[in-house]
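Those protein sequence lines, which keep their order, are chains A and B. Residues in the first sequence are numbered from 11 upward in steps of one, following the numbering used here. Residues in the second sequence are numbered from 4 upward in steps of one, following the numbering used here.
Don't read these hints as lab results, they were simulated from the structure. Don't take each hint at face value.
To be verified - One side of the interface only, derived from the structure: several residues of chain A facing chain B at Cβ under 7 Å:
hint	residue
1	15
2	22
3	83
Claimed, not checked - Over the 10 Å line for every Cβ pair with chain B, so calculated as not near, a few chain A residues:
hint	residue
4	21
5	67
6	103
7	106
8	134
9	197
10	216
Note that this is a predicted model, so its numbers are computed, not measured. Here a beta-carbon is modelled for each residue, glycine too, at the ideal position from N, C-alpha and C.
Residues per chain are reported as follows:
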Amino acid sequence: MTQQTIDVKQDIRAQRRAAAEQFRRRMESQGTFIVRLLSSPGAGKTTLLEKTAQRLGNGYSVGVLVGDVETDRDAKRLAPFAPTKQITTGGACHLELPLVERALPDLGDRSFDFLFIEDVGNLICPASHELGEHVRVIVLSTTEGDDKPGKYPKAFRTSQVVVISKLDLLPHVPFSVECATEDALSVQPDLTILPVCALTGDGMDAWCELLESRRRDVVERIANPS
Amino acid sequence: MHEFSLVTTLLEQADTLRREQDADHVVSVKVSVGEFSGVEPELFRNAFERLIEDTPMRGAELQMTCEPLRSHCESCGCDFAIERFRFECPECKSRDVTIVSGEGLVLESVTLEQEESVGARP
């Protein structure tokens with residue numbers, strides 16, 4: 011018997027990250043900007059997406075992939091507003107890139123200006139997986155409590171935008187937008203925080219403008235590589 | 004429980020290395036788990052023990068070390084350990100801090116075993 015120890019010193023996720031980067035580049039070369047939504051279950055991702063797809067659909071092509079453990083309820087809700095494909099993970103707590111790549115052709119043989127990926131409702135596992143998104147957005151609802159950023163630091167640290175949702179319920183729940191904002195910024199000072207109510211439309215202009223502007227940055231970078 | 008998925012990737016990487024080296028067994032794998040890697044070490048170990056059962060890596064040992072979360076302050080230049088995931092410099096209170104370690108899930112090394120081949124020529 012002989013033994014040998016081989017030094018590897020490589021992150022176990024390195025190949026996945028490289029695949030996510032490749033996916034992002036492939037999609038942006040077609041003009042597609044990828045927005046990924048993370049949240050707890052019931053934070054309002056699907057309602058936000060319904061209204062977002064409706065608004066952006068006036069000037070842009072929009073596609074949606076929605077992840078859930080089971081059922082196609084979200085896809086049915088979103089289908090009237092944009093081509094949508096449900097990804098059921100069959101028990102898994104998060105989406106992974108191969109699932110996304112497999113589902114994408116079901117949206118049709120076309121490219122989109124915006125591809126939204128709604129991850130499984132969970133603020134833990136999805137934060138450790140990259141799906142090639144250009145922007146990672148956390149939807150934090152006023153009914154969840156303003157202490158969530160500090161409780162789920164990985165998700166907030168690795169995101170770029172926080173949408174504070176269900177703003178219309180603010181008078182009825184013990185939630186302080188200031189406290190949530192302060193807590194989130196202590197984990198990630200670069201976060202953009204947007205209070206939104208998808209049902210009444212409050213904040214939706216700022217949210218859609220942010221998405222359009224981030225997409226424009228990517229499109230311009232592709233058109234004028236430095 | 005995304006640890007199962009990550010262990011699956013680890014096992015694939017270790018087994019690929021075993022085949023490349025033409026070795027018979029994987030004796031052990033050494034993994035460094037960052038405090039901010041999003042991986043829970045105990046769940047990772049449970050997943051490892053469950054998943055190696057039906058693979059050629061059965062019996063392999065998982066050696067884990069934990070890498071603490073450390074940051075560098077871009078304002079005053081000091082290095083420090085992040086306490087309770089508050090990304091703020093303890094010296095100058097700046098939030099312009101960069102993570103320098105503790106985010107990774109690193110396969111450090113793999114120990115392989117080669118059985119003496121029967122009838123091998125000296």
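_Could you work out which of the previously given hints the structure breaks and list their numbers from low to high?_
3, 4, 6, 7, 8, 9
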